[in-house]
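Sequences listed follow chains A and B, in order. Residue numbers for the first sequence follow full-length UniProt numbering, beginning at 1 and rising by one. Residue numbers for the second sequence follow full-length UniProt numbering, beginning at 1 and rising by one.
Note that these hints are calculated values from the structure, not bench results. Wrong hints could be hidden among the right ones.
[Unchecked claim] Short derived list, chain B residues pointing at chain A, Cβ under 10 Å: (1) A12; (2) T16; (3) G19; (4) G62; (5) H82; (6) G86; (7) I93; (8) T98; (9) R101; (10) L108; (11) R114; (12) R157; (13) D172; (14) A192; (15) H197.
All of these numbers come straight from a predicted model, not from anything done at the bench. For glycine and all other residues, C-beta sits at the position ideal for the given N, C-alpha and C.
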Amino acid sequence: MTFVDGGTYVQLLELVQNSIIAAGVLGIVGGLIGVFVMQRDMAFAVHGISELSFAGAAAALLLGLNIVAGSIVGSLIAAGIIGVLGARARDRNSIIGVLMPFGLGLGILFLALYPGRSGNKFGLLTGQIISVDLPQLGLLMGISALVLIALLVIWRPLTFDSLDPEVASARGVPGRALSIVFMILLGLAVAVSIQVIGALLVLALLVTPAAAALRVSASPVLVPVLSMVFGLVSAVGGILLALGGSLPISPYITTISFAIYLVCRIIEWRRSAGAPRRVGSARLSA
Amino acid sequence: MTTPRPSTSDPAPVLTIRGGALGFGDRVLWSGLDLDIRPGEFIAVLGANGTGKTSLLKSMLGEQPLDAGEVLVDGHPAHRGHRRIGYIPQQKIVAPGTPLRGRDLVMLGVNGQRYGPPITTRADREKVDALLAAVGAAPYADQPLGSLSGGEQQRLRVAQSLADDPALLLCDEPLMSLDLQHQRAVSELIDARRREHATAVVFVTHDVNPVLSMVDRVLYLAHGAFTIGSPDEVLRSEVLSRLYGTPVDVFRTHGRVVVVGAPDADHHHEVVA
Numbered sequence: 001m002t003f004v005d006g007g008t009y010v011q012l013l014e015l016v017q018n019s020i021i022a023a024g025v026l027g028i029v030g031g032l033i034g035v036f037v038m039q040r041d042m043a044f045a046v047h048g049i050s051e052l053s054f055a056g057a058a059a060a061l062l063l064g065l066n067i068v069a070g071s072i073v074g075s076l077i078a079a080g081i082i083g084v085l086g087a088r089a090r091d092r093n094s095i096i097g098v099l100m101p102f103g104l105g106l107g108i109l110f111l112a113l114y115p116g117r118s119g120n121k122f123g124l125l126t127g128q129i130i131s132v133d134l135p136q137l138g139l140l141m142g143i144s145a146l147v148l149i150a151l152l153v154i155w156r157p158l159t160f161d162s163l164d165p166e167v168a169s170a171r172g173v174p175g176r177a178l179s180i181v182f183m184i185l186l187g188l189a190v191a192v193s194i195q196v197i198g199a200l201l202v203l204a205l206l207v208t209p210a211a212a213a214l215r216v217s218a219s220p221v222l223v224p225v226l227s228m229v230f231g232l233v234s235a236v237g238g239i240l241l242a243l244g245g246s247l248p249i250s251p252y253i254t255t256i257s258f259a260i261y262l263v264c265r266i267i268e269w270r271r272s273a274g275a276p277r278r279v280g281s282a283r284l285s286a
Numbered sequence: 001m002t003t004p005r006p007s008t009s010d011p012a013p014v015l016t017i018r019g020g021a022l023g024f025g026d027r028v029l030w031s032g033l034d035l036d037i038r039p040g041e042f043i044a045v046l047g048a049n050g051t052g053k054t055s056l057l058k059s060m061l062g063e064q065p066l067d068a069g070e071v072l073v074d075g076h077p078a079h080r081g082h083r084r085i086g087y088i089p090q091q092k093i094v095a096p097g098t099p100l101r102g103r104d105l106v107m108l109g110v111n112g113q114r115y116g117p118p119i120t121t122r123a124d125r126e127k128v129d130a131l132l133a134a135v136g137a138a139p140y141a142d143q144p145l146g147s148l149s150g151g152e153q154q155r156l157r158v159a160q161s162l163a164d165d166p167a168l169l170l171c172d173e174p175l176m177s178l179d180l181q182h183q184r185a186v187s188e189l190i191d192a193r194r195r196e197h198a199t200a201v202v203f204v205t206h207d208v209n210p211v212l213s214m215v216d217r218v219l220y221l222a223h224g225a226f227t228i229g230s231p232d233e234v235l236r237s238e239v240l241s242r243l244y245g246t247p248v249d250v251f252r253t254h255g256r257v258v259v260v261g262a263p264d265a266d267h268h269h270e271v272v273a
């Protein structure tokens with residue numbers, strides 16, 4: 001591992017400025033949508049979508065098309081299948097279990113057929129944001145913004161449907177439609193994440209930050225805020241650390257995100273050990 | 001009996017069912033159900049599992065049509081999300097780590113169906129505080145839902161159901177799995193609401209005893225038939241025997257009603273009403 005001196009580091013920073021901004025936006029989107037991924041128990045679905053998204057990206061690479069677009073198509077197909085066929089959790093898990101290896105296998109096939117540089121191949125699985133060019137970065141940011149805005153618009157009905165579906169339905173919240181919209185947003189978020197962190201490691205941005213936040217708070221305000229901060233710190237921190245050395249970005253992101261999760265678990269554990277039932281979460285209520 | 005029986009001079013019914021019928025496959029569970037529920041009336045819907053109690057409630061919520069007949073709320077066909085209907089489900093296990101405190105559950109009742117940026121207004125907050133105070137849930141409103149007892153959760157459910165000042169409260173086994181003390185507390189909250197605001201109550205239950213003193217009329221569903229009337233009219237050996245077509249005994253002891261021998265009762269329902 002080689003380290004660069006301060007001056008070179010600043011030059012590098014300017015070079016990857018756009019990537020850092022994109023990673024930051026992605027960290028925020030991942031943290032935010034992750035809250036619903038946890039509430040709707042869809043961590044496994046995220047993994048399933050990401051493998052088909054990888055297949056779509058690999059197909060685009062092979063055919064010389066836009067990789068982000070390919071990735072989105074793959075994501076949306078997977079999200080559509082899971083959304084339509086997997087209304088119940090048990091069905092959903094079996095469908096994902098079937099889709100996942102198929103998608104991964106398809107992606108590997110496309111990569112094997114691809115005659116170009118091997119760096120691109122590896123990048124789809126384990127992250128490659130530095131190699132994403134400017135127009136693609138713009139596309140990533142646009143999609144992230146779309147997901148963010150859509151999530152904010154449906155936030156309350158989606159929360160209602162996720163946490164209290166029976167009463168939400170009685171109150172007229174269209175659970176089925178919301179669930180399909182959510183799957184589309186999740187598919188888009190996954191497709192974007194793959195460009196930064198890779199298909200295999202998407203969960204580090206879409207699940208871990210929210211899971212960590214849920215360890216230390218039960219407040220519907222504090223949980224998404226913490227989750228966004230955790231996602232942002234992991235994604236941007238990962239890039240900044242990676243710049244100084246020769247290792248890829250992904251291990252830094254996954255390690256930071258895992259470390260945050262561990263710290264949150266320790267906080268939760270210390271709180272429950274040192275305080276009687278109930279006191280802990282009241283302290284952090286927003 | 002805390003309210004007088006409805007008469008023709010009473011105000012318009014909050015809920016009307018005309019010629020209601022429900023089947024299961026090609027078998028008719030019951031048909032020809034006519035029901036008018038007036039403001040302030042407390043109706044208990046009794047019957048064993050599989051007699052369509054919950055389906056009847058869902059038809060009132062507009063979530064599931066009856067197989068025949070019409071359900072009117074305020075004179076219009078029932079539809080999902082009716083603002084004048086409050087709904088109280090049975091108590092459920094809340095998974096640990098669910099990011100929902102007591103007050104958040106009530107807040108969902110206030111603004112959970114609203115789209116747009118999730119900004120909580122001061123008016124919403126004040127409404128939630130008032131609802132929490134009304135059911136005596138303020139002391140534990142900031143605790144995670146999963147850490148609360150069943151009785152505490154159901155008090156919050158009552159507060160949630162009252163968010164839009166409902167004219168009709170639909171309750172689906174709200175006392176299920178509560179201890180006697182909490183059964184009394186929660187049913188008294190519901191009863192107080194209907195007495196003070198003339199809110200009509202439809203109360204689906206397999207055990208009428210916790211609410212026996214509040215009930216105006218009983219709708220008793222059995223396989224293939226139903227009967228409606230005051231508890232004294234319906235909860236009698238000869239009436240239920242005729243309903244079931246087989247000898248059934250109804251005992252009243254210490255203010256409780258015990259039904260023995262109902263053919264569709266599994267052993268939990270040996271004591272039905």
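Here is what the structure says about each hint:
| no. | hint | result |
| --- | --- | --- |
| 1 | A12 | violated (23 Å) |
| 2 | T16 | violated (19 Å) |
| 3 | G19 | violated (24 Å) |
| 4 | G62 | holds (8 Å) |
| 5 | H82 | holds (7 Å) |
| 6 | G86 | holds (9 Å) |
| 7 | I93 | violated (13 Å) |
| 8 | T98 | holds (6 Å) |
| 9 | R101 | holds (6 Å) |
| 10 | L108 | holds (5 Å) |
| 11 | R114 | holds (5 Å) |
| 12 | R157 | holds (8 Å) |
| 13 | D172 | holds (9 Å) |
| 14 | A192 | violated (21 Å) |
| 15 | H197 | violated (19 Å) |
Checked against the numbered hints given earlier, this structure breaks hints 1, 2, 3, 7, 14 and 15; the rest are met.
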